[in-house]
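Protein chains: 2
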Amino acid sequence: MLMHSYEGVHQQETKMAKNEVKLIGYWGSPAALRVEWALKLKGVEYEYIDEDLPNKSPFLLQCNPVYKKLPVLVHDGKPLAESLVIIEYIDETWSSENPILPQDPYERAMARFWAKFAEDKCVPTTVGVFSKLGEEQEKCTKEARENLKTLETALKGRKFFGGETIGFVDIAVGWLGYWIRIVEEIVGINLLEEETMPLLSAWVQDFLDVALVKERLPPRDKLLQLNKGFREQMIASST
Amino acid sequence: MLMHSYEGVHQQETKMAKNEVKLIGYWGSPAALRVEWALKLKGVEYEYIDEDLPNKSPFLLQCNPVYKKLPVLVHDGKPLAESLVIIEYIDETWSSENPILPQDPYERAMARFWAKFAEDKCVPTTVGVFSKLGEEQEKCTKEARENLKTLETALKGRKFFGGETIGFVDIAVGWLGYWIRIVEEIVGINLLEEETMPLLSAWVQDFLDVALVKERLPPRDKLLQLNKGFREQMIASST
Numbered sequence: 001m002l003m004h005s006y007e008g009v010h011q012q013e014t015k016m017a018k019n020e021v022k023l024i025g026y027w028g029s030p031a032a033l034r035v036e037w038a039l040k041l042k043g044v045e046y047e048y049i050d051e052d053l054p055n056k057s058p059f060l061l062q063c064n065p066v067y068k069k070l071p072v073l074v075h076d077g078k079p080l081a082e083s084l085v086i087i088e089y090i091d092e093t094w095s096s097e098n099p100i101l102p103q104d105p106y107e108r109a110m111a112r113f114w115a116k117f118a119e120d121k122c123v124p125t126t127v128g129v130f131s132k133l134g135e136e137q138e139k140c141t142k143e144a145r146e147n148l149k150t151l152e153t154a155l156k157g158r159k160f161f162g163g164e165t166i167g168f169v170d171i172a173v174g175w176l177g178y179w180i181r182i183v184e185e186i187v188g189i190n191l192l193e194e195e196t197m198p199l200l201s202a203w204v205q206d207f208l209d210v211a212l213v214k215e216r217l218p219p220r221d222k223l224l225q226l227n228k229g230f231r232e233q234m235i236a237s238s239t
Numbered sequence: 001m002l003m004h005s006y007e008g009v010h011q012q013e014t015k016m017a018k019n020e021v022k023l024i025g026y027w028g029s030p031a032a033l034r035v036e037w038a039l040k041l042k043g044v045e046y047e048y049i050d051e052d053l054p055n056k057s058p059f060l061l062q063c064n065p066v067y068k069k070l071p072v073l074v075h076d077g078k079p080l081a082e083s084l085v086i087i088e089y090i091d092e093t094w095s096s097e098n099p100i101l102p103q104d105p106y107e108r109a110m111a112r113f114w115a116k117f118a119e120d121k122c123v124p125t126t127v128g129v130f131s132k133l134g135e136e137q138e139k140c141t142k143e144a145r146e147n148l149k150t151l152e153t154a155l156k157g158r159k160f161f162g163g164e165t166i167g168f169v170d171i172a173v174g175w176l177g178y179w180i181r182i183v184e185e186i187v188g189i190n191l192l193e194e195e196t197m198p199l200l201s202a203w204v205q206d207f208l209d210v211a212l213v214k215e216r217l218p219p220r221d222k223l224l225q226l227n228k229g230f231r232e233q234m235i236a237s238s239t
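In order, the protein sequence lines correspond to chains S and R. Residue 1 is where the first sequence starts when you use this note's numbering, and the numbers rise one by one after that. Residue 1 is where the second sequence starts when you use this note's numbering, and the numbers rise one by one after that.
Don't take each hint at face value.
Straight-line Cα separation of at most 25 Å, DSS-like style, residue types lysine-lysine; simulated pairs [what the hints assert, rightly or not]:
#1 Lys69/S with Lys142/S
#2 Lys121/S with Lys156/R
#3 Lys156/R with Lys149/S
#4 Lys142/S with Lys68/R
#5 Lys22/R with Lys69/S
#6 Lys69/S with Lys68/R
#7 Lys68/S with Lys156/S
#8 Lys42/S with Lys56/S
#9 Lys116/S with Lys142/R
#10 Lys121/S with Lys156/S
#11 Lys56/R with Lys121/R
#12 Lys69/S with Lys214/R
#13 Lys68/R with Lys156/S
#14 Lys142/R with Lys68/R
#15 Lys69/S with Lys116/R
#16 Lys56/R with Lys78/S
#17 Lys42/R with Lys56/R
#18 Lys40/R with Lys139/R
#19 Lys68/S with Lys15/S
#20 Lys159/R with Lys156/S
#21 Lys156/R with Lys116/S
#22 Lys22/R with Lys69/R
#23 Lys116/S with Lys214/R
#24 Lys159/R with Lys56/S
#25 Lys15/R with Lys56/S
#26 Lys40/S with Lys116/S
#27 Lys121/R with Lys116/S
#28 Lys56/R with Lys68/R
Since the hints were derived computationally from the structure, they do not count as laboratory data.
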């Protein structure tokens, strides 16, 4: 029993049918969305459980006692948290279908490097543009644009970060393209400019046009309303 | 040529002999230290280049234009940054010797989960204990202890996080055990208490006793002096 070794995190193995897959998500969560894209890419059948936030279910708390957050993938009764960790797990477990990470070790490392760069640099500065005001917002806007331009360099000569088809970086970062357009509408700043970042702008459109990506995108209007609410809360709590 | 695809980061391939390995590090850098442990574990021959910080060398800036920071591994002329990404690359490239990550996908995912937990939770709160004063320091101390206790749960029934031998989590987190004792001496707080965290305390000692780990540890007194200087700078810049 694998569970035994890490029982601190995953104390309770859930009784499930062999190979059964459940995903605990939330319709407005980018991290849950990217796990869904990975599952769809692999053609994995799964049960999707939408959490009623902020009222977290006992099942979520049981499956992720360390962070108490979603998404959580439960496979064969064994729960797993952290979306990028889950995506690598999906790639290794259903390894015969549509590879998510490249096969070559150096290319794999570069994919991990860029996914981490987006997570550590592009996301926080974009959130800053969304949640700050005045000079702080201007500073974040400048930094976010610089980071996005750096990210764009990895697209040179490629349609997707994964090459001709979507891969790890696309799945990890793709939601940001959808969110950025919503952030831009809410705050009235053109963050990802087509003139200065033509490759990244085209990639956003190409990625969102991929059938399996498009079919799981949350409705734009609903997401806009949700994020307007988030912005009001963030500004209220910082003033 | 792999370099082509990501030339934004790695514009200049360095001319090197086939399979030549260089590591750009700094004697007091935990991130460089863990890459060295991984190379030693695999028995990889490498040239170690110690940077003269804060005067970064042109070679470092050429190899890591995105972050301009060390460590950087250069293998066959191809540079790679981000220590945990480098360690996975080392494991995949020299795959026949001493596996660093487990073979089973779920165990691999759990190793990545815990390495990330330590990085995201244990490290920042420990740095807080080291760099803050008064109430802020007390808050960080409480949080750091809670995070370390959570990390300890992954050691239940195991000598090392990797089992009977050291693995990914040990290599990723091991430096923290060495640094924590130095932090404790500098700030006069017993952070990792033997009574409340017996497994983690024993692990620190066991890990630091592993021959290949011990032989690359920076001298304690020199590291103490370096970190005393860091603390003074951090406190000065926050007041």
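Taking the hints in turn, this is what the structure says about them:
{"no.": "1", "hint": "Lys69/S with Lys142/S", "verdict": "31 Å, violated"}
{"no.": "2", "hint": "Lys121/S with Lys156/R", "verdict": "35 Å, violated"}
{"no.": "3", "hint": "Lys156/R with Lys149/S", "verdict": "45 Å, violated"}
{"no.": "4", "hint": "Lys142/S with Lys68/R", "verdict": "19 Å, holds"}
{"no.": "5", "hint": "Lys22/R with Lys69/S", "verdict": "40 Å, violated"}
{"no.": "6", "hint": "Lys69/S with Lys68/R", "verdict": "33 Å, violated"}
{"no.": "7", "hint": "Lys68/S with Lys156/S", "verdict": "39 Å, violated"}
{"no.": "8", "hint": "Lys42/S with Lys56/S", "verdict": "28 Å, violated"}
{"no.": "9", "hint": "Lys116/S with Lys142/R", "verdict": "29 Å, violated"}
{"no.": "10", "hint": "Lys121/S with Lys156/S", "verdict": "19 Å, holds"}
{"no.": "11", "hint": "Lys56/R with Lys121/R", "verdict": "29 Å, violated"}
{"no.": "12", "hint": "Lys69/S with Lys214/R", "verdict": "38 Å, violated"}
{"no.": "13", "hint": "Lys68/R with Lys156/S", "verdict": "21 Å, holds"}
{"no.": "14", "hint": "Lys142/R with Lys68/R", "verdict": "34 Å, violated"}
{"no.": "15", "hint": "Lys69/S with Lys116/R", "verdict": "15 Å, holds"}
{"no.": "16", "hint": "Lys56/R with Lys78/S", "verdict": "46 Å, violated"}
{"no.": "17", "hint": "Lys42/R with Lys56/R", "verdict": "28 Å, violated"}
{"no.": "18", "hint": "Lys40/R with Lys139/R", "verdict": "38 Å, violated"}
{"no.": "19", "hint": "Lys68/S with Lys15/S", "verdict": "20 Å, holds"}
{"no.": "20", "hint": "Lys159/R with Lys156/S", "verdict": "46 Å, violated"}
{"no.": "21", "hint": "Lys156/R with Lys116/S", "verdict": "30 Å, violated"}
{"no.": "22", "hint": "Lys22/R with Lys69/R", "verdict": "15 Å, holds"}
{"no.": "23", "hint": "Lys116/S with Lys214/R", "verdict": "30 Å, violated"}
{"no.": "24", "hint": "Lys159/R with Lys56/S", "verdict": "35 Å, violated"}
{"no.": "25", "hint": "Lys15/R with Lys56/S", "verdict": "55 Å, violated"}
{"no.": "26", "hint": "Lys40/S with Lys116/S", "verdict": "22 Å, holds"}
{"no.": "27", "hint": "Lys121/R with Lys116/S", "verdict": "17 Å, holds"}
{"no.": "28", "hint": "Lys56/R with Lys68/R", "verdict": "8 Å, holds"}
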